[in-house]
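Add chain B to chain A, keeping to what the hints say.
Number of protein chains: 2
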Amino acid sequence: MGRWQPDSQGRLQEAALALYSERGFDQTTAAQIAARAGLTERTFFRHFADKREVLFGGSALLKERIVAGVAGAPAGDGPLAAVARGLDAAAAMMGEFRRDLSRQRQAVIVANPELRERELAKLADYAVAVADALRQRGVGEAQATLAAEAGMTVLRLAVQRWAGGDDDQDLSTIMRDSVADLRAVAASG
Amino acid sequence: MGRWQPDSQGRLQEAALALYSERGFDQTTAAQIAARAGLTERTFFRHFADKREVLFGGSALLKERIVAGVAGAPAGDGPLAAVARGLDAAAAMMGEFRRDLSRQRQAVIVANPELRERELAKLADYAVAVADALRQRGVGEAQATLAAEAGMTVLRLAVQRWAGGDDDQDLSTIMRDSVADLRAVAASG
Chain A
2 MGRWQPDSQG RLQEAALALY SERGFDQTTA AQIAARAGLT ERTFFRHFAD
52 KREVLFGGSA LLKERIVAGV AGAPAGDGPL AAVARGLDAA AAMMGEFRRD
102 LSRQRQAVIV ANPELREREL AKLADYAVAV ADALRQRGVG EAQATLAAEA
152 GMTVLRLAVQ RWAGGDDDQD LSTIMRDSVA DLRAVAASG
Chain B
2 MGRWQPDSQG RLQEAALALY SERGFDQTTA AQIAARAGLT ERTFFRHFAD
52 KREVLFGGSA LLKERIVAGV AGAPAGDGPL AAVARGLDAA AAMMGEFRRD
102 LSRQRQAVIV ANPELREREL AKLADYAVAV ADALRQRGVG EAQATLAAEA
152 GMTVLRLAVQ RWAGGDDDQD LSTIMRDSVA DLRAVAASG
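Protein chains in written order, with my numbering: chain A, 2 to 190; chain B, 2 to 190.
These are calculated hints, taken from the structure and not from any lab test.
Check before you lean on any hint, since a few could be wrong.
[What the hints assert, rightly or not] List of simulated lysine to aspartate or glutamate pairs, DMTMM-like, C-alpha gap at most 25 Å: (1) Lys64/B <-> Glu115/A; (2) Lys52/B <-> Glu118/A; (3) Lys64/A <-> Glu115/B; (4) Lys52/A <-> Asp89/A; (5) Lys64/A <-> Glu118/B.
Every value quoted in this text rests on a predicted model; they were computed, and no experiment measured them.
Here chain A stands alone, though its shape is the one from the complex (with noise of 0.2 Å):
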């Protein structure tokens, strides 16, 4: 973010977030969201490539926390222990974003179906790196891809959770308790 205009691109993400819920994403333009931040289309250029870049900007940085969670495990965590340390960086990444906008963001997404498959392709490529990061492990090949898709489930459902419950529950506390859910439904007969 450039120093010539603080917090431009928190106003303009707000401003997205607001005009993709009233009108819908595709009946948005990024003109749009500029004039309605008060800031100018060019501004907007500066700080995203397109309007999809703004509901999904910051998924790089967040797989590589992710990803160096799952690295930087104990060498005695087996593959859902460590897959639960990555889930913990995201919480803590993505837990600092204000919970009514990434409710508003879940809702954009939900009510259009190809940045849905949008999600779901950036989960699977969250999923590759993950289980990547699980075979440099030493986890075998089956048990990675496995912890690995089962952990962005978790990721996937506890934001959604978090996003859309009413309660003060932090998404760090719901992540656990979806990993321990996960356990749960596994040791169940």
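This is chain B only, laid out in the frame that chain A set:
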């Protein structure tokens, strides 16, 4: 399938997969598929709405079978055990498909981002239906969704392993092994 042209659907499927593999999905037309199968384009459209349906045509029936497997599981089955019954039903249906054609189908989908996203969306749709069937069995919200999503991950990975494998293991065995892998992962430290 009409009795006037025995196995024309199978011939079209085989021709389509061969062409998708050779020249790519986007570069193949329905007319070319029909010609390769020695049939008319009109016959193609009697069997398939479009060239994508050659790849995704059986998916509504497969979903029904999976959901019926889950819904029909003995009352004492826990969530993952019930999902495993649905996966058994899927393996029974998909395992009848020729493995060499399944392998071609997988390769075509992996090579095309749009088809890959479509495949993920299909599995997400199955997961919603399976979670619903679990809730009707009295499974709680979070565990129903997690068990359903994890189950669809097992399905995807097992089919990949089966289609890509050089051994003679049948899909049902691989599916059960994969469920066992999921249990092992979740039970790990």
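Okay, the hints, checked on the actual structure:
1. The straight-line distance between the Cα atoms of Lys64/B and Glu115/A is roughly 22 Å, inside the 25 Å bound, and the hint therefore holds.
2. Taking the CA atoms of Lys52/B and Glu118/A, the gap is near 20 Å; set against the 25 Å cutoff, the hint holds.
3. The straight-line distance between the Cα atoms of Lys64/A and Glu115/B is roughly 22 Å, inside the 25 Å bound, and the hint therefore holds.
4. For a cut-off of 25 Å, the pair hint linking Lys52/A to Asp89/A is broken: about 29 Å separates their Cα positions.
5. For the hint linking Lys64/A to Glu118/B, the alpha-carbon distance of about 19 Å falls within 25 Å, and the restraint holds.
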